[in-house]
Each structure stands twice: as C-alpha cells, then as structure tokens.
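What follows is the residue order along each chain.
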Amino acid sequence: NAGVTQTPKFQVLKTGQSMTLQCAQDMNHNSMYWYRQDPGMGLRLIYYSASEGTTDKGEVPNGYNVSRLNKREFSLRLESAAPSQTSVYFCASSEAGTSGSFSYEQYFGPGTRLTVT
Amino acid sequence: QQQVKQSPQSLIVQKGGISIINCAYENTAFDYFPWYQQFPGKGPALLIAIRPDVSEKKEGRFTISFNKSAKQFSLHIMDSQPGDSATYFCAASTTGTASKLTFGTGTRLQVTL
Numbered sequence: 833n834a835g836v837t838q839t840p841k842f843q844v845l846k847t848g849q850s851m852t853l854q855c856a857q858d859m860n861h862n863s864m865y866w867y868r869q870d871p872g873m874g875l876r877l878i879y880y881s882a883s884e885g886t887t888d889k890g891e892v893p894n895g896y897n898v899s900r901l902n903k904r905e906f907s908l909r910l911e912s913a914a915p916s917q918t919s920v921y922f923c924a925s926s927e928a929g930t931s932g933s934f935s936y937e938q939y940f941g942p943g944t945r946l947t948v949t
Numbered sequence: 011q012q013q014v015k016q017s018p019q020s021l022i023v024q025k026g027g028i029s030i031i032n033c034a035y036e037n038t039a040f041d042y043f044p045w046y047q048q049f050p051g052k053g054p055a056l057l058i059a060i061r062p063d064v065s066e067k068k069e070g071r072f073t074i075s076f077n078k079s080a081k082q083f084s085l086h087i088m089d090s091q092p093g094d095s096a097t098y099f100c101a102a103s104t105t106g107t108a109s110k111l112t113f114g115t116g117t118r119l120q121v122t123l
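Heads up: the sequence lines are chains G and H, in that order. Here the first sequence is numbered in the working numbering, starting from 833 and rising by one per residue. Here the second sequence is numbered in the working numbering, starting from 11 and rising by one per residue.
Incorrect hints may appear among the rest.
[Claimed, not checked] Per the computed footprint, the stretches of chain G lying under chain H, defined by three or more beta-carbons under 8 Å from a beta-carbon of chain H, are:
1) 869 to 876
2) 914 to 928
3) 940 to 947
What the hints contain is simulated information worked out from the structure, not anything from laboratory work. The beta-carbon is built from N, C-alpha and C at its ideal position, and this holds for glycine as well.
Put together the whole structure using the sequences plus the hints.
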C-alpha cells in the first residue's frame with residue numbers, strides 16, 4: 833500500500849498563476865483533508881471532505897478550491913496564486929465517519945512545497 | 011483564534027532525559043487528543059492519542075497525561091533518544107464524521123548526546 837500520495841513534491845509559481853495539487857489514498861478512507869504548514873503556525877485546515885461528493889471549508893479556505901473526484905482522490909486548486917500562499921501543503925485521510933470505525937487517526941502524505949514569487 | 015496552545019516552542023534535552031511538552035485547549039467539545047511526530051521533509055505521523063475518559067495513556071517511552079478540569083494535556087518522553095529529535099504537534103478534535111483536527115503550533119525537540 834502506498835498510503836497517501838501527493839504530486840508534485842515541489843512547485844514554483846509566479847503571482848497570478850494557477851495550479852492543482854493532487855492527492856490520492858489507497859486505504860478506502862471516507863474522510864480526506866488539506867492542510868497548510870507555515871513556520872510557527874502549526875498545521876491549519878484548508879478544506880476537508882467527510883465523504884465522496886461532499887466538501888467543507890476549514891480554518892483558512894480563502895484563495896483555494898477543492899474537488900473530491902472520487903473516494904480515492906481529493907485535489908486542491910489555487911486559481912490565482914499569491915505570495916501569501918507560499919507554504920508546505922499536506923493531504924491526509926482518515927477512517928473517521930466510516931460506519932463501524934472508531935479510528936480518528938489521520939494519515940498524512942509527504943507534502944508539496946509551494947513557493948509563489 | 012488559536013484553540014490549542016502548545017509550549018515550549020523548542021526544547022533541548024540530553025540523551026536519557028525526560029522531554030515534556032504541554033498543550034492547553036479551549037473548546038470543551040473536544041474529545042480526542044492526539045500527538046503527531048514530524049521528521050524534516052516528511053508528513054506528520056500519529057504517535058499516541060487519548061480520549062478524555064482516562065487521565066493517562068502510556069505506549070513504550072511515550073505517555074500522555076490528561077487533565078480534563080484544567081483543559082490541559084501533555085506528552086512525556088522518557089529516556090529521550092537522539093532518534094526522538096523531531097517536531098511534535100498536539101492536536102484536538104471532536105469525534106464523529108470527518109473529525110477535524112485543530113493543531114498546536116509545534117515543539118521542535120532536539121536530543122543531544
């Protein structure tokens with residue numbers, strides 16, 4: 833099992849450019865999440881998806897959109913990148929919300945380091 | 011609004027010593043308190059977690075102490091080893107659908123020889 837995979841690993845964008853960060857999990861998890869990690873601020877939730885076909889805003893959703901393409905895949909899109917979006921982005925997945933499951937552990941991908949100039 | 015406050019920001023401990031990291035939360039609806047460990051260039055990984063029905067949970071050298079009335083919880087690493095050098099994040103969430111985690115700001119632990 834690959835767990836949670838993210839592409840790309842690194843990306844440099846110019847202000848105003850757009851891009852999509854891809855995430856996939858092979859653990860049949862219902863819930864998926866996007867976080868950003870900035871120095872001194874921990875991880876902050878951008879968007880999450882409790883199940884296929886649903887998405888909800890997290891703590892810092894402005895400037896981002898998401899798509900839960902199917903149960904495996906959850907993408908994050910930056911429509912017009914800004915320097916303030918320079919960060920490391922992590923995707924995670926969890927069994928949370930799965931019938932009969934009492935596990936709330938989130939499994940994280942390796943991250944995408946994004947720089948916006 | 012920071013709902014989970016973590017301290018210290020950084021910590022240096024000698025090999026064999028005890029590392030202690032503290033967190034405090036505000037939302038009394040939180041009922042799941044995990045600690046995540048992150049090595050440089052990697053994603054966070056679950057280290058240990060506790061629910062509020064117990065005051066302590068131990069797994070090997072790692073122990074969570076939980077004080078529900080004070081709304082505080084802490085991670086103790088006994089016999090700290092150089093391989094424990096990493097960034098540690100506390101977190102909290104409600105349980106149920108999606109279970110969104112609110113993270114602390116992290117503690118960078120360095121264990122010296």
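To see whether the hints hold, each was checked on the structure:
For a cut-off of 8 Å, the count of residues in the stretch 869 to 876 of chain G with a CB near a CB of chain H stands at 5, and the three-residue condition holds. A count of 4 residues in the stretch 914 to 928 of chain G with a Cβ less than 8 Å from any Cβ of chain H is obtained; the coverage claim is therefore met, three being the minimum. Restraint check on the stretch 940 to 947 of chain G versus chain H: 4 residues with Cβ-Cβ distances below 8 Å, three needed, restraint holds.
Checked against the numbered hints listed earlier, the structure breaks none of them; every hint is satisfied.
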